[in-house]
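Protein chains in written order, with this note's numbering: chain H, 1 to 115; chain B, 1 to 115.
Just so you know, these hints were derived from the structure itself, not from any lab. Since the structure is predicted, the reported quantities are computational estimates derived from the model, not experimental observations. Built from N, CA and C at the ideal position, the CB exists for glycine as well. Treat the hints with care, since some could be wrong.
[Stated by the list, open to error] With a Cα cut of at most 27 Å, we get these calculated DSSO-like pairs of lysine-lysine:
| no. | chain 1 | residue 1 | chain 2 | residue 2 |
| --- | --- | --- | --- | --- |
| 1 | B | K102 | H | K55 |
| 2 | B | K114 | H | K66 |
| 3 | H | K20 | H | K64 |
| 4 | B | K114 | B | K1 |
| 5 | H | K98 | B | K114 |
| 6 | H | K14 | H | K66 |
| 7 | H | K55 | B | K114 |
[What the hints assert, rightly or not] Just some of the chain B residues that point at chain H, by a computed CB distance under 7 Å:
| no. | residue |
| --- | --- |
| 8 | S46 |
| 9 | L47 |
| 10 | Y76 |
Single-letter residue listing:
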Amino acid sequence: GAVVSQHPSWVICKSGTSVKIECRSLDFQATTMFWYRQFPKQSLMLMATSNEGSKATYEQGVEKDKFLINHASLTLSTLTVTSAHPEDSSFYICSARKQLNTEAFFGQGTRLTVV
Amino acid sequence: KQEVTQIPAALSVPEGENLVLNCSFTDSAIYNLQWFRQDPGKGLTSLLLIQSSQREQTSGRLNASLDKSSGRSTLYIAASQPGDSATYLCASFIMIKAAGNKLTFGGGTRVLVKP
Chain H
1 GAVVSQHPSW
11 VICKSGTSVK
21 IECRSLDFQA
31 TTMFWYRQFP
41 KQSLMLMATS
51 NEGSKATYEQ
61 GVEKDKFLIN
71 HASLTLSTLT
81 VTSAHPEDSS
91 FYICSARKQL
101 NTEAFFGQGT
111 RLTVV
Chain B
1 KQEVTQIPAA
11 LSVPEGENLV
21 LNCSFTDSAI
31 YNLQWFRQDP
41 GKGLTSLLLI
51 QSSQREQTSG
61 RLNASLDKSS
71 GRSTLYIAAS
81 QPGDSATYLC
91 ASFIMIKAAG
101 NKLTFGGGTR
111 VLVKP
């Protein structure tokens, strides 16, 4: 199957700082990538859809100024958590698919802890 | 709005027993449905993808069925092994022009296979 790589796998940062998470499609081009957030023992919640070369589409309730998404190339999307606070601590996962009718592949996830 | 439900939320079986995991969805106009496995603190591994026109998919000990009319999918895992212990998630994919393409996840079923 296709490979989606996410980096870093875990990060600890101080409150008020910003953190960038990278999502790469290693062996295919992805015009669209998806960012999810997962709280402990809960399912995945879609945060935003990242579109190459254009603005991301955010789900209702997700602050676009806090969660900055950049999709500068067909193989890379980044999520920046700005001015992080402890309540932003969570597991963030990205996803991409080659085509709409094919499987969605997920990155390994990034555990963010804000202290 | 699509809602995906998985029952039971948790399941514990002795090794060798067959597993039956249920997934139901409210909007039958799905494009496809995908089953994933998630190990603690990890990303999602795609298990099976069923297109809306298909009734079932098989991969090794795994078999997934899809009944769009009743809004149900079932994942069968034959002859369970301790290594099958994980959380299993189903997700329906809907293409809506106005709202964008969305993958909606169920809450997951936590499976424990006891040796």
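Consistency of the hints with the structure:
1. B/K102 - H/K55: This hinted pair holds, its Cα atoms lying about 17 Å apart.
2. B/K114 - H/K66: violated, 43 Å
3. H/K20 - H/K64: holds, 14 Å
4. B/K114 - B/K1: Measuring from Cα to Cα gives roughly 38 Å; hence the hint is violated.
5. H/K98 - B/K114: violated, 37 Å
6. H/K14 - H/K66: It holds: about 16 Å lies between the C-alpha atoms, which stays within 27 Å.
7. H/K55 - B/K114: violated, 48 Å
8. S46: holds, 5 Å
9. L47: The hint is violated - B/L47 has no Cβ within 7 Å of chain H, the shortest such distance being about 10 Å.
10. Y76: violated, 19 Å
The structure shown violates the earlier hints numbered 2, 4, 5, 7, 9, 10.
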